[in-house]
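Peer 1: With the hints as constraints, model all of the structure from the sequences given.
Chains A and B, in that order, are what the protein sequence lines are.
Throughout the first sequence, residue numbering follows full-length UniProt numbering, covering 1 to 260 in sequence.
Throughout the second sequence, residue numbering follows full-length UniProt numbering, covering 1 to 262 in sequence.
Hints may contain errors.
Ranges of calculated distance between the beta carbons of each label pair, as one might list FRET restraints [claimed, not checked]:
1) A:145 / B:131: 21 to 31 angstroms
2) A:62 / B:55: 28 to 38 angstroms
3) A:80 / B:220: 55 to 65 angstroms
4) B:216 / A:178: 30 to 40 angstroms
If you're looking for bench data, these hints aren't it; they were derived computationally from the structure.
We put the CB at the ideal spot given by N, CA and C, even for glycine.
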Amino acid sequence: MGGAHVLDPYHPGGSVLHRLPAQCKIVATFGYVVCVVLTPITAGWAFGAHLAVVGGLCALARLPPGLVLRRLAVELPFVAFAVALPFVVPGERTEVLGVALSRPGLEQAFGLVARATLGLMTVIVLAATTPARELLVGLERLRMPPVIVAVASFMIRYAGIVIDQMGRMSVARRSRAHEPRSLLATRALAASLGTLFIRSYERGERVHLAMLARGYTGALPGALPGPAPRRAQWGAALCLVILGAAIAVLGRRLDLGAPA
Amino acid sequence: MHIPDGFVDAPTSAAFGAVAVAGVGYAVKRAGDEASDQVVPLAGLCAAFVFAAQMLNFPVAMGTSGHLLGGVLAAVLVGPWLGAIAIAVVLGVQSLFADGGLTALGLNITNMALVGALGGYALFALVLRLLPARAPSVAAASAVAALITVPLAAGAFVIEFALGGTVDLPLGGVVGAMLGVHVLIGIGEAVITAATVSLVMSTRPDLVYGARDLLDARRLEIRPPAAAVPTGHGGGTGAAAGGLEPTATSVTGRRAASGSEA
Chain A
1 MGGAHVLDPY
11 HPGGSVLHRL
21 PAQCKIVATF
31 GYVVCVVLTP
41 ITAGWAFGAH
51 LAVVGGLCAL
61 ARLPPGLVLR
71 RLAVELPFVA
81 FAVALPFVVP
91 GERTEVLGVA
101 LSRPGLEQAF
111 GLVARATLGL
121 MTVIVLAATT
131 PARELLVGLE
141 RLRMPPVIVA
151 VASFMIRYAG
161 IVIDQMGRMS
171 VARRSRAHEP
181 RSLLATRALA
191 ASLGTLFIRS
201 YERGERVHLA
211 MLARGYTGAL
221 PGALPGPAPR
231 RAQWGAALCL
241 VILGAAIAVL
251 GRRLDLGAPA
Chain B
1 MHIPDGFVDA
11 PTSAAFGAVA
21 VAGVGYAVKR
31 AGDEASDQVV
41 PLAGLCAAFV
51 FAAQMLNFPV
61 AMGTSGHLLG
71 GVLAAVLVGP
81 WLGAIAIAVV
91 LGVQSLFADG
101 GLTALGLNIT
111 NMALVGALGG
121 YALFALVLRL
131 LPARAPSVAA
141 ASAVAALITV
151 PLAAGAFVIE
161 FALGGTVDLP
171 LGGVVGAMLG
181 VHVLIGIGEA
191 VITAATVSLV
201 MSTRPDLVYG
211 ARDLLDARRL
221 EIRPPAAAVP
231 TGHGGGTGAA
241 AGGLEPTATS
251 VTGRRAASGS
261 EA
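Peer 2: Given below as structure tokens:
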């Protein structure tokens, strides 16, 4: 598992998308993904249009294609599931390369993969152009409950430390000739996990005491000061959502017009 | 594996999003009642722990490996409310970092934080009540809860799928496949949850939320000299643990556990 990118998916750069305030990007991303989900699966061209838009966003953010493709690999197990669909979904059969496949199964598999991939790509653009800290500030500006934002910021800040600790414990296990091959190895893994929990909890207690020593009263100090987004920046975010909505609506309308 | 975008239709996703918001909001309120100013650091570190624990792959059968879901584990260790918040935050961060769909977040939180942690803890408490009030029962109850909760979370997914699935799979087949796979995953989850909980129980039983009532019910007792605790071992932070468990494991365990750096 690519631990490093899971924790820090930010890809530094100076593009327009990098400079856009986080809250605009979050709203635009969420709105666009909703539009993708609302696009009917029978409108194949609409997904082509979505792909063009999201691909355009990737290009605008100057993300290397390899990076986007590598991160898309998260959905591979899901693609495997979709590939099986044409064989198991009941319905009218159609001949593809000499194999009888279910037509609705093919359509649904396409819709599934298309929606999941487009949703994932949109989020990849968001995560690659926004540092985690700014994402949290953006969420707070969007009136996400402060407790949740604070917990998330703690998690992101300490996950790296906890994972490093786990890595050191793994080195310690392996240097004692531990090779996890069977369920019997679970014992040693669980012992590590228990110790990891105790260490994490004790770290939590120490951090809490340190916070109290610095005057923590139960509320984190306000979000980092940053300029409020300009109207044009909100406009850009809105444009993206409107574009997505237009594709979804057109897809739906043309789809209804066509003989089903 | 998390539900991606577009697997369940938009109205169902929105409905379960509302369920998730209500559930997590309630958990935040209850957690605040219990440990007001400690919620943030403890839930944050617990979320980091669950996040790390999910990266720890353990071998299943035939060369495949699975990872921990951690709902029952987190709930038994830090309590249902903090546990549910931690799992929900892990899922939220994972969805922002491109694992699990953004629009399916409500579904994922319902399955893994509400059913997985809150429901799992309810099961755990129920089983613990049926077992004799002794320390090993905590690990046993968490194993049973984990074993049942994993298929239960899969069941919640099947309900969501039946309500708004975008794929015409025969429901019976989906139920069979999901439950079959998740019973297997549940066995692994049960083994690792029980082993982890029993390690924490033998090292820092005061940290196990699920064992609180059990520990409160115990009283300090004076034992005959043969079983007496050597002086200098039971003091300090282990006070709550004092006089509970065999001291040898307690002492070595604490040394192992406290070797961390600040």
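Peer 1: With reference to the structure, classify each hint as holding or not holding.
Peer 2: Outcome of the hint check:
Judged by the Cβ atoms, the range 21 to 31 angstroms given for residue 145 of chain A and residue 131 of chain B is violated: they are separated by roughly 37 angstroms. With their beta carbons about 30 angstroms apart, residue 62 of chain A and residue 55 of chain B fall inside the hinted range of 28 to 38 angstroms. Distance hint check for residue 80 of chain A and residue 220 of chain B: the Cβ-Cβ separation is about 57 angstroms, which falls inside the suggested range of 55 to 65 angstroms. Taken as a hint, the range 30 to 40 angstroms holds for the pair residue 216 of chain B and residue 178 of chain A, whose Cβ atoms sit roughly 37 angstroms apart.
Comparing the model with each earlier hint shows a violation of hint 1 alone; every other hint is respected.
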